[in-house]
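Undergrad: Residues in the sequence shown are numbered from 17 upward in steps of one, following my numbering.
Where hints are given, some of them may not hold.
Unchecked claim - Straight-line distance between alpha carbons at most 30 Å, and here's what the computed DSBU-like set of lysine-lysine pairs gives: (1) Lys275 x Lys288; (2) Lys237 x Lys188; (3) Lys250 x Lys220; (4) Lys154 x Lys275; (5) Lys211 x Lys188.
No lab work stands behind these hints: they were computed from the structure. Please read all numbers here as calculations on a predicted model, not as lab measurements.
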Amino acid sequence: ALDIFNEEPPAEDATAQDEDDDDRDATEEDVPPPAPTDLEEPTMTAVAISAPAPRVLTNDDLKRRLADDKAAASTAEQVAQEKAASAAAAADKAAQSKARAMAAEAQRVAADAAAEKAAAAEKAAADAEQVEVERAEKLAKAASAAEAEEAAPPAKRQKNTAASRPSAATWKDLITSSEFDSVRLQVGTDLFPLKVIQQEELKKWASGSGGWDVDWLSLHKGMPHSFVANSGTKMRLVLLELPPPTSGSSSSNAAEARKTAQEAADHAATLKSAAAAAVAVSAAAEAARGEVAAAAEAAAAVAAVDATVAGQAASASVEATAVAAAAADRADATEKQVV
Numbered sequence: 017a018l019d020i021f022n023e024e025p026p027a028e029d030a031t032a033q034d035e036d037d038d039d040r041d042a043t044e045e046d047v048p049p050p051a052p053t054d055l056e057e058p059t060m061t062a063v064a065i066s067a068p069a070p071r072v073l074t075n076d077d078l079k080r081r082l083a084d085d086k087a088a089a090s091t092a093e094q095v096a097q098e099k100a101a102s103a104a105a106a107a108d109k110a111a112q113s114k115a116r117a118m119a120a121e122a123q124r125v126a127a128d129a130a131a132e133k134a135a136a137a138e139k140a141a142a143d144a145e146q147v148e149v150e151r152a153e154k155l156a157k158a159a160s161a162a163e164a165e166e167a168a169p170p171a172k173r174q175k176n177t178a179a180s181r182p183s184a185a186t187w188k189d190l191i192t193s194s195e196f197d198s199v200r201l202q203v204g205t206d207l208f209p210l211k212v213i214q215q216e217e218l219k220k221w222a223s224g225s226g227g228w229d230v231d232w233l234s235l236h237k238g239m240p241h242s243f244v245a246n247s248g249t250k251m252r253l254v255l256l257e258l259p260p261p262t263s264g265s266s267s268s269n270a271a272e273a274r275k276t277a278q279e280a281a282d283h284a285a286t287l288k289s290a291a292a293a294a295v296a297v298s299a300a301a302e303a304a305r306g307e308v309a310a311a312a313e314a315a316a317a318v319a320a321v322d323a324t325v326a327g328q329a330a331s332a333s334v335e336a337t338a339v340a341a342a343a344a345d346r347a348d349a350t351e352k353q354v355v
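All chains, please: the whole structure from these sequences, using the hints.
TA: Below, the structure written as structure tokens:
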């Protein structure tokens, strides 16, 4: 009896059930929906789609998220530290490059000044050499003339040194202007300058007062001709064309002129060597100037590149620090949610 009550009712035939469903579907499909009339507008049926409810995180989920956030924050902090270290190294390198560039620029300025100074010294040495060479040439010509006069016969010597026939006007002009450097006393083949007392006597003659003192002034055709000393020595007045010797004989004057010319030539040779050395110094200074300028330009270029790299590294460090701070805040917020 108990088994009778516990028996389950027999299951319906699945095939028959499927056939009923197919018949119902076919019936529904065969009946078309009513067409709208002219007075009715077709209506649209709104279907509300509801969003799925958000999944509620369990405490275990929050713990897993907290672990992930802390790991991300740690990684971000490590990256920020590395970026900061790189930025500090780049800034230090840029500072060193800038210092080297400034030192190179100072060297360039000094090299410019040295090159200009060497060029000025070169010009001064060349000018001094030119002046001394010209002076030595003039002295050499004068010495040659003195030596030629010394070697000439007495008659020819006087012909070359005295005016052929000076006029009274010539004598008076010379005496009035006190140009006694062109007047000499000739004794034999030697020429001597006038004494002061003889100059005074000539001045008296030129002024028309005449007169004599120790030496007697002898006139010829109304012009000064010679002086006759108390001893009877006759000293003829001659008018020179070339600068007369200051004292002594013509032989000693020629030797002195040659000595002076040789000294000038030696000095000119010394100045020539100095000028050549100045040229070498100037060339070396100019070459150094170019090298230092190139080094300064290279140092400036390196400093500019290092400054750019340092700026980029600083920006990257700031960005990495911001990312690390955001990651730390996110981890803190997650930690507060964990029970």
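Undergrad: Decide, hint by hint, whether the structure agrees.
TA: Here is what the structure says about each hint:
Our distance criterion of 30 Å between C-alpha atoms is met by Lys275 and Lys288, whose separation comes to about 20 Å. Of the pairs offered as hints, the one joining Lys237 and Lys188 holds, with about 14 Å between alpha carbons and a cut-off of 30 Å not exceeded. Restraint check: the Cα-Cα separation between Lys250 and Lys220 comes to about 20 Å, which is no more than 30 Å; the hinted pair holds. A threshold of 30 Å between alpha carbons decides the hint, and for Lys154 with Lys275 the separation of about 13 Å falls inside it, so the pair holds.
Between Lys211 and Lys188, the direct Cα distance comes to roughly 18 Å. Compliance with the 30 Å bound is thereby established for this hinted pair.
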